[in-house]
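Participant: Chains as they are written, first to last, in numbering that gives the first Met the number 0: chain X, 0 to 534; chain G, 0 to 344.
Careful: at least some of the hints might be erroneous.
[Unchecked claim] The following residues of chain X were derived to be distant from chain G, with all beta-carbon distances above 12 Å:
id, residue
1, Pro14
2, Ala70
3, Ile86
4, Ile126
5, His133
6, Ala157
7, Arg460
8, Ser497
[Claimed, not checked] In silico DMTMM-like pairs for lysine to aspartate or glutamate, Cα to Cα no more than 25 Å straight-line:
id, chain 1, residue 1, chain 2, residue 2
9, G, Lys267, X, Asp213
10, G, Lys267, X, Asp459
11, G, Lys267, X, Asp128
12, G, Lys267, X, Asp323
13, X, Lys456, G, Asp242
14, X, Lys456, G, Asp75
15, X, Lys456, X, Asp425
Keep in mind that the hints were calculated from the coordinates and are not lab data.
All C-beta atoms in this analysis are idealised placements derived from N, C-alpha and C, irrespective of residue type, glycine included.
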Amino acid sequence: MIAFAALLERLVFTPSRNAKIALLRDYFLHAADPDRGYALAAIAGTLAFPAARPGMLRALAMERVDPELFALSYDYVGDLAETVALIWRPPADRPDASPPGLTEVATALADTPRADLPALLARWLDICDTPTRHALLKLVTGALRVGASARLAKVALAEIADVTADEIEEVWHGLAIPYAPLFAWIDGTAPRPDARDAPVFRPPMLAHPLEGVDLDALAPADWRAEWKWDGIRVQLVRTPGGERLYTRTAEDIGRAFPDILRILQDMAGHVVLDGELLVMRGGAPEPFAQLQRRLNRLAPSAAMLRDLPAGVHLYDILFEDGEDLRALPFDTRRARLESWFARNAPPMLGLSPLIPFGSFAELAGIRAGTRAEGVEGLMLKRADSPYLPGRPRGPWWKWKRDPLTVDAVLMYAQRGHGRRSSFYSDYTFGLWRGMGDTRELVPIGKAYSGITDEELKFLDRWVRHHTIARFGPVREVEKSLVLEIAFDAAQPSTRHKSGVALRFPRIARIRADKPAADVEDIPAFLRATRCVDGP
Amino acid sequence: MVAWLVPKPEGLYCAPGDFYIDPLVPVPRAVITHGHADHARPHHEAVLATPETLAIMALRMGEDRAGRARQSLGYDTPLRLGDVTLRLAPAGHVLGSAQVVLEHAGQRAVVSGDYKRVPDPTCAPFEPVPCDLFVTEATFALPVFRHPDPRREIGRLLHDVRLFPDRTHLVGCYALGKAQRLVALLRQAGYDAPVWLHGALRPICALYGRFGIDLGVLGAATGAARDAMRGGIVLAPPSAIADRWARRLPDPVVCLASGWMQVRQRAKARGVELPLVISDHADWDALLQTCDDTGAREVWVTHGREDALIHALGRRGVRARALRLVGYGEEDEAGDAAAAEGEPA
Ligand SMILES: [Zn+2]
Ligand SMILES: [Zn+2]
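Chain X extracted, bound-state conformation (with noise of 0.2 Å):
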């Protein structure tokens, strides 16, 4: 418990990815087993035990403090799991014990009833130093942020056995708690573990933008066209081992989407299905933004699933009856899906249609006519890809819409992380609402990136120059610098007091020469990107 409560000290506050897998790598090597295999368990969040509420921790502190100084300490922490670490005193009496293990404190709490808890952590925090009585603390009110992600840690674990994160990804979901058969690959001390029927994830295939990539040099008759959904891409598995929904990164979210896993198990046989996950509304998708209230939810209400109803467009397929297709050519393998598809039929599943073109030309036209709901963009497939993990150049493209854009002023600004951690690299913009007096800035959304590293410099320059009242980290500036957004979409939000949110938005330009009072008004921005009636 102790290195691991080390580890999750440094983690939180590292900022680098690859800092993080250096720190992971090194927990990995040196810790033992089964210890790791929990410690990996809390990191990608597959321990399961009944959580410690927090008013447990409370009245069992009050138990030892002094309810006056509890309070003042309290206040001055901010966090409860936190605040009894820090506070805890053992009993002069200490029993002369070292803290428990990884592995004694997540089986015995999967065993202790909630009415012996409080007895069992006091002993713990009784024999535990500050910073394990701080993980010990946040592992059992199930509130572990070890910031990092369980794709961090297998990317860390392929390191130390050089393979790749992938391979990992393939065995991850056919392997239980404390992941002993993986741990013995990663040694070297036993073969790769075979996942057989469990319905594990396979890494998805990802495409490039297309981007320097000269059109005329293709021939069409060798490419597939497909529709970009403006979902989240999914993978559906469904074996005799169970059926799983899975994002692009691997993680499980059948419990949000029942209604998709419902379909899955009145299927037969071992099949694997790449699509993209939408909500629909007779047959055609919603706005993301509907997606997302689903995303938002852990499980959804009945009302919710009357209301947004999930469906998913179908892309490729990756195994049927078990039989890997991934090596095959992408029209094979569209055949063998349009075929799956017609002997299945299942309800709320439905084939992402190819869109037939007879030059790149046609080709641009169709994607610069549609602005259809739901639909990003286009990807371009080569007709004999084979369907290779990661996101290999060449064989597919994705040519999203040309993005949209605003001019708006730039109003707040904060420290980057990591390499841009002294630089002014986070950027809140904003566009004008009222008239006279009350006409004021009001935030559209914020943006990190789009940048080089020239104008990253002249920001952070400026920002510094231009500061008006600084908040923490941020820094408030004149409101006289217009910065060219771009984005993908705009939606309505009720979140945001501007009433609109952007998705992915980035800054395209920085626009020195426009003066601050031309950008626009919110009202007309709303119109212009169809997130309210015109007038």
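Since the structure of chain X is already known, use the hints to place chain G with the ligands on it.
Facilitator: Structure of chain G with the ligands alone, referenced to chain X:
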């Protein structure tokens, strides 16, 4: 009741000796506990302090501002001033830091200045002095503040240095006291590579050297080749670690050595990657222990988080009151409380 020591807006005034202790504005006669800028202020007429504190004051504010007449007094040397006998006892805070021990009319009062109880290789250890009235600081007076063993924190730093051999560990620390202590702790832990210093830290490190505190090989971070500092440890004032100054370093791991680093929000707000809980102030246990050790029936609290300390002392039957002297806690960690709530510079 000690009636001859009086809190005034100018600072704590000793009436029978006609002098102030750590006055906040220029006065005719001042006794200075230590060299931090909030305790040692410029333009007094006469200044009495340890030789180390006088040297620090002269270095930091210039001879002309460090008091017109300067009297140096070593530890444990009684001196008669008016109707008072005064003696300086080590406070363990920074080099030359002293508690002011005052005796008058059969009563003894001790003004501690800032202090800590943990051994520090760069200064004389705190000496508890039995007294009737103890005047204490309260920078870390909440029971959540219990500073871990500094050797453990140095161990964490060195482990990190080994783990990231291509990065530079940039440690934010206060120029007087903390910086020198960090170097000394690193040396004790067996780290013998050069420690790189921001320009603002160099003069005081040199002064510590003149007082016989060996800090090993020190390099100037300003002007050093980027690659020379790769894998090394650089010390800089807290204001420099998250700012443009840090850009000269290869892929820095930003660290900050302060008692405030105990609290996560504090470390997060400062953008610190490796918080090191190393403090030159007494933690909660040490504050209570020290009040106990002095046996004082009356405790005055100069600056810090006095509510909790007064409450806890009250429960032990000690009469405690807050002096609320405005102006302390502006240079060292004590001042960081205010700084962290504003700009995390
Ligand atoms: Zn001080
Ligand atoms: Zn102070």
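Participant: Taking the numbered hints from earlier one at a time, note which ones the structure violates and give those numbers from smallest to largest.
Facilitator: The structure breaks hints 1, 2, 3, 5, 7, 9, 12 and 14; every other hint is satisfied.
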